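Participant: Going by UniProt numbering, the first residue of the sequence shown is number 1, and it counts up by one from there.
If you are wondering where the hints come from, they were derived from the structure by calculation, not from laboratory data. If you're wondering where the values come from, they're calculated on a predicted model, not measured in any experiment. Heads up, some of the hints might be wrong.
[Unchecked claim] Derived pair list, reagent style EDC-like, types lysine to aspartate or glutamate, alpha-carbon separation capped at 20 angstroms:
id, residue 1, residue 2
1, Lys26, Asp38
2, Lys26, Glu87
3, Lys89, Asp38
4, Lys105, Asp33
5, Lys45, Glu87
6, Lys108, Asp43
7, Lys56, Asp38
8, Lys26, Asp117
9, Lys26, Asp71
10, Lys105, Glu93
11, Lys45, Asp17
[Claimed, not checked] Across the chosen pairs, the derived CB separations fall in these ranges:
id, residue 1, residue 2, range
12, Glu87, Arg122, 49 to 55 angstroms
13, Arg68, Lys105, 21 to 27 angstroms
14, Tyr8, Val32, 35 to 41 angstroms
Cβ atoms here follow ideal geometry from the backbone N, Cα and C, with glycine treated the same way.
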Amino acid sequence: MQVFIGTYLHDVLGNRDTTSKHVLRKVGCGCVDCNPLDAFILDPKSSTITFRVNQKWRKHLQSRLEGRAGDLCTFQTVHSGSPLGLEVKKRLEVLHAVSWSARQKSAKELLELIGTDADIARVMGAQYVQVTRALSGVEPLAQPPFQCLLKHRVVQTLKQR
């Protein structure tokens, strides 16, 4: 189980980009029209969206983006088609931050399925502190020594064949 948890946190959770100063947040005003914009900003799988809406709603979304989201995304009016569209693109740094948040959530859910914090601490032993640091994004989990040992054993076994 140690190998599984260590490998998952090292290879799947990975490194959080600590240089990013972008705070993921809702940028809408809370109205029904802004909800899809907020969902897009926080969605780890979406990088671009086009809102094809009437002028009033488009101007409302633009005002929210201009005032609160310049660090999160760019936008432009799409003049082809009817109604006109508002294309919103997340900045690359935001995509990385959203992706890490989703991986962090998945890692926490996986560990909850395995057991309580006490169970994980018992399984991980001395590496538990590194597990908590990796989950909080403070420091990525270094390749665990037991994983290195396992890889060494696999290589040795393959060489013997």
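Participant: All the hints need checking, so say for each whether the structure fits it.
Facilitator: Outcome of the hint check:
1. This hinted pair checks out: Lys26 and Asp38 have alpha carbons roughly 5 angstroms apart, not beyond 20 angstroms.
2. A C-alpha spacing of about 17 angstroms is found between Lys26 and Glu87, which places the hinted pair at or below 20 angstroms, so the restraint holds.
3. For the given pair, Lys89 sits about 13 angstroms from Asp38 by alpha-carbon distance, which is consistent with the 20 angstroms threshold.
4. A hinted pair counts as satisfied when its Cα atoms are at most 20 angstroms apart, and Lys105 with Asp33 does not qualify at roughly 27 angstroms.
5. Note on Lys45 and Glu87: the hinted pairing holds, with a Cα-Cα distance of about 16 angstroms set against a maximum of 20 angstroms.
6. In summary, the hint linking Lys108 to Asp43 is supported, as the alpha carbons are separated by about 18 angstroms, within the 20 angstroms threshold.
7. Our distance criterion of 20 angstroms between C-alpha atoms is met by Lys56 and Asp38, whose separation comes to about 18 angstroms.
8. A C-alpha spacing of about 31 angstroms is found between Lys26 and Asp117, which places the hinted pair above 20 angstroms, so the restraint is violated.
9. Our distance criterion of 20 angstroms between C-alpha atoms is met by Lys26 and Asp71, whose separation comes to about 13 angstroms.
10. Restraint check: the Cα-Cα separation between Lys105 and Glu93 comes to about 19 angstroms, which is no more than 20 angstroms; the hinted pair holds.
11. For the hint pairing Lys45 with Asp17, the CA-to-CA distance comes to about 18 angstroms; that is within 20 angstroms, so the pair holds.
12. Take Glu87 and Arg122: their Cβ atoms lie about 51 angstroms apart, and the range 49 to 55 angstroms holds.
13. Between Arg68 and Lys105, the C-beta spacing of about 24 angstroms keeps the proposed range 21 to 27 angstroms intact.
14. A hinted range of 35 to 41 angstroms for the beta carbons of Tyr8 and Val32 is consistent with their spacing of about 39 angstroms.
Hint violations for this structure: numbers 4, 8, all remaining hints satisfied.
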